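**Student:** Residues per chain, in single letters:
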Amino acid sequence: MTNTNNSRTPKECTEFQEQLPEFFDTGADLLDHPHLKDCENCSALVRDLEYIAAQAKLLLPIHDPSPQVWKNINNALNQNSRGRQPSNGDKTS
Amino acid sequence: MKEPKKLSRKGEKNTDSRMKNTLRTSDTTAHTAPAQPLSAEARPMQQQQRRNPPIAGELAAIAQAQGGDGSAFEVLYNMHKRRVYSLCLRMLGNVAEAEDLTQEAFLQLHRKISTFRGDSAFSTWLHRMAVNVVLMHLRKKGLPLVSLEETLEPSQEDGPRKDFGTRDLTLSGSIDRVTLERAVKELPPGYRMVFVLHDVEGYEHNEIAGMLRCSIGNSKSQLHKARMRLRNLLREDADGRAEA
Numbered sequence: 110m111t112n113t114n115n116s117r118t119p120k121e122c123t124e125f126q127e128q129l130p131e132f133f134d135t136g137a138d139l140l141d142h143p144h145l146k147d148c149e150n151c152s153a154l155v156r157d158l159e160y161i162a163a164q165a166k167l168l169l170p171i172h173d174p175s176p177q178v179w180k181n182i183n184n185a186l187n188q189n190s191r192g193r194q195p196s197n198g199d200k201t202s
Numbered sequence: 173m174k175e176p177k178k179l180s181r182k183g184e185k186n187t188d189s190r191m192k193n194t195l196r197t198s199d200t201t202a203h204t205a206p207a208q209p210l211s212a213e214a215r216p217m218q219q220q221q222r223r224n225p226p227i228a229g230e231l232a233a234i235a236q237a238q239g240g241d242g243s244a245f246e247v248l249y250n251m252h253k254r255r256v257y258s259l260c261l262r263m264l265g266n267v268a269e270a271e272d273l274t275q276e277a278f279l280q281l282h283r284k285i286s287t288f289r290g291d292s293a294f295s296t297w298l299h300r301m302a303v304n305v306v307l308m309h310l311r312k313k314g315l316p317l318v319s320l321e322e323t324l325e326p327s328q329e330d331g332p333r334k335d336f337g338t339r340d341l342t343l344s345g346s347i348d349r350v351t352l353e354r355a356v357k358e359l360p361p362g363y364r365m366v367f368v369l370h371d372v373e374g375y376e377h378n379e380i381a382g383m384l385r386c387s388i389g390n391s392k393s394q395l396h397k398a399r400m401r402l403r404n405l406l407r408e409d410a411d412g413r414a415e416a
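If you read the sequences in order, they're chains V and P. End of the first sequence sits at 202 in the working numbering; the numbers just go up one at a time, nothing left out. End of the second sequence sits at 416 in the working numbering; the numbers just go up one at a time, nothing left out.
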């Protein structure tokens, strides 16, 4: 693996990347992190992961269930309500 | 069930006012919802509002459905079917299963709607119910919600990488919704579950840990690996398009 355009050692990158889940969770501002000042690899990684998370938030619900789903629900509800109706023998005056 | 009928604007307004009086607000009764599937109290209200903005006429339809009005229940179905189905589809990656569980989620809603008290947004409550239906389904199938393999032995491609300097392409601005949806579908089920719940649906790690019965650290780790895997998938896609 090459590590061009980068004055950081692979070990430093590994240590930094291992901490990323915690950095992201705490919402830490990574722009000022010392490791990113001169590590293009990790800077690109952080940018990409932040971009993916941002894009995911924009995923709108676009799929509709088929009309059969409501028909099935409606049938089930109708069956339930018929099952709950009292028969003639259950009627009280 | 009666034929669907449109709710009148006037009727909506009047019933909305009634509901505002009868449904409790979240700031006064934050801890009194035992009948709800799982509480979403831990999630900041602002975030809930952002993810689940109120829908016009929803309060009226809820009140009428709670009173047994079948056509009002159908109105609620039409308001929320897309969001519930999309959630099921993203979690499962399978159309037939997603439709079955959408059906199950709404049948469960019909059984439980009388217990809704307005402690959280209705959509938040319903979506949580749908998530629980999906998770219950997966448990019944015997599928681990968090893969041991994914947890204990991450593959090389999910671990820290040092070779990204060899390519100067960054993803920013290069992916569209369809590409991202396709990549999410390719994630292993455990990764996909946490990614959809956290990044798409907006749940916090403590909520996800509760739902998936794993540790908070595990949830964070799975999310990170999911994003790393997505990055690789999206880069491969972008590289392929660049070469074409």
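Hints are computed from structural coordinates only; laboratory data are not their basis. The model shown is predicted, which means the values in this text are computed figures rather than measured ones. One should not assume that every hint holds.
[What the hints assert, rightly or not] Chain V is nowhere near these chain P residues, computed Cβ spacing over 12 Å in every case:
| # | residue |
| --- | --- |
| 1 | Ala228 |
| 2 | Gly382 |
| 3 | Leu395 |
[What the hints assert, rightly or not] Within a straight-line C-alpha distance of at most 25 Å, the following computed DSS-like cross-link-like pairs (lysine-lysine) qualify:
| # | chain 1 | residue 1 | chain 2 | residue 2 |
| --- | --- | --- | --- | --- |
| 4 | P | Lys284 | V | Lys166 |
| 5 | P | Lys313 | V | Lys120 |
| 6 | P | Lys357 | P | Lys313 |
| 7 | V | Lys180 | P | Lys392 |
| 8 | P | Lys392 | P | Lys357 |
| 9 | V | Lys166 | P | Lys312 |
| 10 | V | Lys146 | V | Lys120 |
| 11 | P | Lys284 | P | Lys357 |
| 12 | P | Lys312 | P | Lys284 |
Glycine included, every Cβ here is placed at the ideal spot set by N, Cα and C.
**Student:** If a hint holds in the structure, say so; if it does not, say that too.
**Tutor:** Consistency of the hints with the structure:
For alanine 228 of chain P, the shortest C-beta to C-beta distance to chain V comes to about 18 Å, beyond the 12 Å cut-off, and the non-interface label holds. Residue-level check passed: glycine 382 of chain P sits 16 Å from the nearest beta carbon of chain V, beyond 12 Å. For leucine 395 of chain P, the requirement that its beta carbon stay farther than 12 Å from each beta carbon of chain V is not met, with the minimum near 7 Å. Taken as a hint, the lysine 284 of chain P and lysine 166 of chain V pair is broken in the structure, with Cα atoms around 29 Å apart against an allowance of 25 Å.
Distance hint between lysine 313 of chain P and lysine 120 of chain V is unfulfilled; the C-alpha atoms sit about 42 Å from each other, more than 25 Å. With a C-alpha separation of about 19 Å, the suggested pairing of lysine 357 of chain P with lysine 313 of chain P holds against the 25 Å cut-off. Of the pairs offered as hints, the one joining lysine 180 of chain V and lysine 392 of chain P is violated, with about 40 Å between alpha carbons and a cut-off of 25 Å exceeded. Straight-line distance between C-alpha atoms of lysine 392 of chain P and lysine 357 of chain P comes to about 20 Å, which keeps the hinted pair within the 25 Å bound.
With a CA separation close to 30 Å, the supplied pair lysine 166 of chain V and lysine 312 of chain P exceeds the 25 Å bound. A threshold of 25 Å between alpha carbons decides the hint, and for lysine 146 of chain V with lysine 120 of chain V the separation of about 16 Å falls inside it, so the pair holds. With a C-alpha separation of about 31 Å, the suggested pair lysine 284 of chain P and lysine 357 of chain P falls outside the 25 Å cut-off, and the hint is violated. For the proposed pair lysine 312 of chain P and lysine 284 of chain P, the alpha carbon gap of about 22 Å is at most 25 Å, so the pair holds.
When each numbered hint is compared with the structure, violations occur for hints 3, 4, 5, 7, 9 and 11.
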